[in-house]
Amino acid sequence: MNNEPKAGLSRRHLMASAAGIAATGLAGLPTRAFAADPIKVAGIYTVPVEQQWVSRIHKAAEAAVAAGAADYTYTENTANTDYPRVMREYAEQGYKLIVGEIFGVEAEAREVVDEYPDVAFLLGSSFLPDEAHPNLSVFDNYIQDASYLSGIIAGAMTKGNIGMVGGFPIPEVNRLMNAFMAGAREMNPDIRFQVSFIGSWFDPPKAKETAFAMIDGGADLLYAERFGVSDAAMERGVLAIGNVIDTQADYPDTVVASAIWHFEPTLDAALAKVAAGAFTAENYGLYSFMKEGGCSLAPLGTFEGKVPEAALALVAEREAAIRDGSFTVEINDEEPKSS
Amino acid sequence: MDILDILLSASFWAATVRIASPLIFATLGELICERAGVLNLGIEGIMVIGAFAGWMAVYLGTGLWAGVAVAMLAGMLFGLLHATLTVPFGLSQHVVGLGITLLATATASFAYRLSLPEVTSPPKIEPFQPLEIPGLSQIPLLGPALFSQTALTYLAFVLIVVVSVVLYRTPLGLALRAAGENPASVEAQGLSVTAIRMGAVIVGSGLMGVGGAFLTMSAFSSFFFEMVNGRGWICIALVVFGAWRPGKAALGALLFAAFDALQVRLQQTPMGALIPYQVFLMVPYVLSILALVLMSRRAEVPAALMVPFNKGER
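Residue numbers (the working numbering), protein chains in the order written: chain A, 1 to 339; chain B, 1 to 314.
Simulated from the structure, these hints should not be mistaken for lab results.
Worth double-checking, as some hints may not be accurate.
To be verified - Pair ranges (Cβ atoms, derived): (1) B:I289 with A:R323: 47 to 55 Å; (2) B:L7 with A:F327: 44 to 52 Å; (3) B:Y154 with A:R323: 50 to 58 Å.
Unchecked claim - A few chain B positions that, by computed beta-carbon distances, are all more than 12 Å from chain A: (4) T16; (5) L60; (6) T62; (7) A66; (8) P123; (9) P130; (10) Y154; (11) V158; (12) R169; (13) E181; (14) L191; (15) M306; (16) P308.
Stated by the list, open to error - Listed below are several chain B residues computed to face chain A (Cβ distance under 10 Å; list not exhaustive): (17) P22; (18) V95; (19) Y112; (20) S164; (21) L167; (22) T170; (23) P171; (24) L215; (25) T216; (26) S221; (27) V228; (28) L274; (29) Y277.
Since the model is a prediction, treat every value here as computed from it, not as a measurement.
Note that CB positions come from ideal geometry on N, CA and C, so glycine has one too.
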């Protein structure tokens, strides 16, 4: 696995040569480096880095490396049962900031966090920050602003029947679905929603079958929360709305718009806090809000000119209002139901 | 849409056949192993490696059918390992089987990351497309359900017949069944129980590999680590459900698939808003367990299933 960071190699090299210089008598040169030293960041993910959600974190971390702010390595496909062990390994190795997701290991992960008070942990979690774990900050993809806007477009593009396939009805999924539904109802309050959960994050054939069933049930637009849904939409010639990542390149005639998550503001804020020595227990979920630049609506791309003007006008109006704070998208974590 | 409307729609039956196809391949594979006396719990992992290998081969530029062959070979390779450990060495079939599942699953993810270190989303291939059989696909209800499927689905159904005929109408089938019932009698005929059992496990594992490949090459077009998602374990139950008979086992696969296709559709009816979604997801499993209880009362388990054979031992 090629996850040893290049930046790390060069830095090690630099430190080695600095040590070499010191050894040859040129003492007085600082062996310990500079103010803008990149922070050692480790990512621990339970899925491969190309999975939608994690890919956004991975991308932001690589951007931070490119900007010289971080030194990054990661472990993917970590089973929840293995997660605490991997956390300890990185903490022992001197990583300063550990990023990951503990939705399946909330309690155990907090035990590890307490063992390493000098390491900053920024972990995706269903719970709020707690002063009892001052070095643990939590985040989640609070991109309901963008989901709401994508819902407005969906509401204008459907004749009145939208299918939504989800993995599990956890807060993060529900929140975005509810915001999407609220947006769609802005354009057409009578839309019928078909909602299904497949009980798995990675079973695209099952997600696809579920989507087919919704199309059979009259859906002419699908909310693609899982891989497999856009494929069903493409095969049957109906539309889809993307979530978290922009997949329009793969489905140019199917995916109208996507609500995209940007992890960069979250990570940058954490890196700044770590560098300043001011990392505390906080809720970084706020950095996923639209006014923080944490989410956006993907460009219409191939659907430029095909979305009704009225919807675009409302999107523009609401987006401006969200950004200036005069409009807030409701955060509703309840499980959405078929209507 | 109420239940009757669903049951009378062609798309419901088409979905049933689609969902059943990978299960049919893997169930037939498991059945061949068990009829020869070897329980193959490597099935789940072998499906994963088949799903990966077939898809990867196509991604690297081989044709779809060559991809199916690669999936089969990958399955056979792990079958060979399983057979070597359980047949001549006579090790615990439970432990070896679960070990093979872990090894094959891990091998798939390792090979995936080695070959695709830097991808932003799982790459796609051009999968098998539905092939309408002229004439037959025009039959109402049955046509769209049975005769507008992909070539791999047709292959699954052809295999049900082939496996039945070989098992019950050929000397090879007789020897294979005897190896699972009374291996000493096979030995008395001058045949090698070891060779027959190893051959059965290898061929059966090859079919499991194709079952996995169905997921990445027909049902979907890219590979995910957890996409087999317990289908292999279902196939083990289906073999019992089918009382170790290919036709009945395939029927069981279709029944399970029908329950699955039904629950997916019921979730979207007004009922879906009243009943928790988990209840719907449970439906195929609960009904299959009930059917299993009813069906397996008269089932005849191969007498020498999981009994290692040592030549000359009395």
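Consistency of the hints with the structure:
1. B:I289 with A:R323: 47 to 55 Å: Given about 54 Å between the Cβ atoms, the range holds.
2. B:L7 with A:F327: 44 to 52 Å: Taking Cβ atoms as reference, L7 of chain B and F327 of chain A lie about 47 Å apart, which means the hint holds.
3. B:Y154 with A:R323: 50 to 58 Å: 55 Å, holds
4. T16: Check fails; 10 Å does not lie beyond 12 Å.
5. L60: Holds, since 18 Å exceeds 12 Å.
6. T62: 22 Å, holds
7. A66: At about 22 Å from chain A, A66 of chain B clears the 12 Å cut-off, so the statement holds.
8. P123: Given a closest Cβ separation of 9 Å, the condition is violated.
9. P130: Incorrect as stated: the minimum Cβ-Cβ distance to chain A is 9 Å, not above 12 Å.
10. Y154: Fine: 18 Å to the nearest Cβ keeps Y154 of chain B off the interface.
11. V158: The claim holds: V158 of chain B sits with its nearest Cβ about 22 Å from chain A, beyond 12 Å.
12. R169: 34 Å, holds
13. E181: 37 Å, holds
14. L191: 41 Å, holds
15. M306: 29 Å, holds
16. P308: 33 Å, holds
17. P22: 8 Å, holds
18. V95: 20 Å, violated
19. Y112: Since chain A brings a Cβ to about 8 Å from Y112 of chain B, closer than 10 Å, the hint holds.
20. S164: 27 Å, violated
21. L167: 29 Å, violated
22. T170: 34 Å, violated
23. P171: Violated. Min distance 39 Å.
24. L215: The hint holds - L215 of chain B has a Cβ within 10 Å of chain A, the shortest such distance being about 5 Å.
25. T216: Holds, because the Cβ-Cβ distance from T216 of chain B to chain A comes to roughly 9 Å (cut-off 10 Å).
26. S221: Check passed: Cβ of S221 of chain B comes within 7 Å of chain A, closer than 10 Å.
27. V228: 9 Å, holds
28. L274: Status holds, d = 8 Å.
29. Y277: Because about 5 Å separates Y277 of chain B from the closest Cβ in chain A, which is inside the 10 Å limit, the hint holds.
The structure is inconsistent with the numbered hints 4, 8, 9, 18, 20, 21, 22, 23, although it conforms to all the rest.
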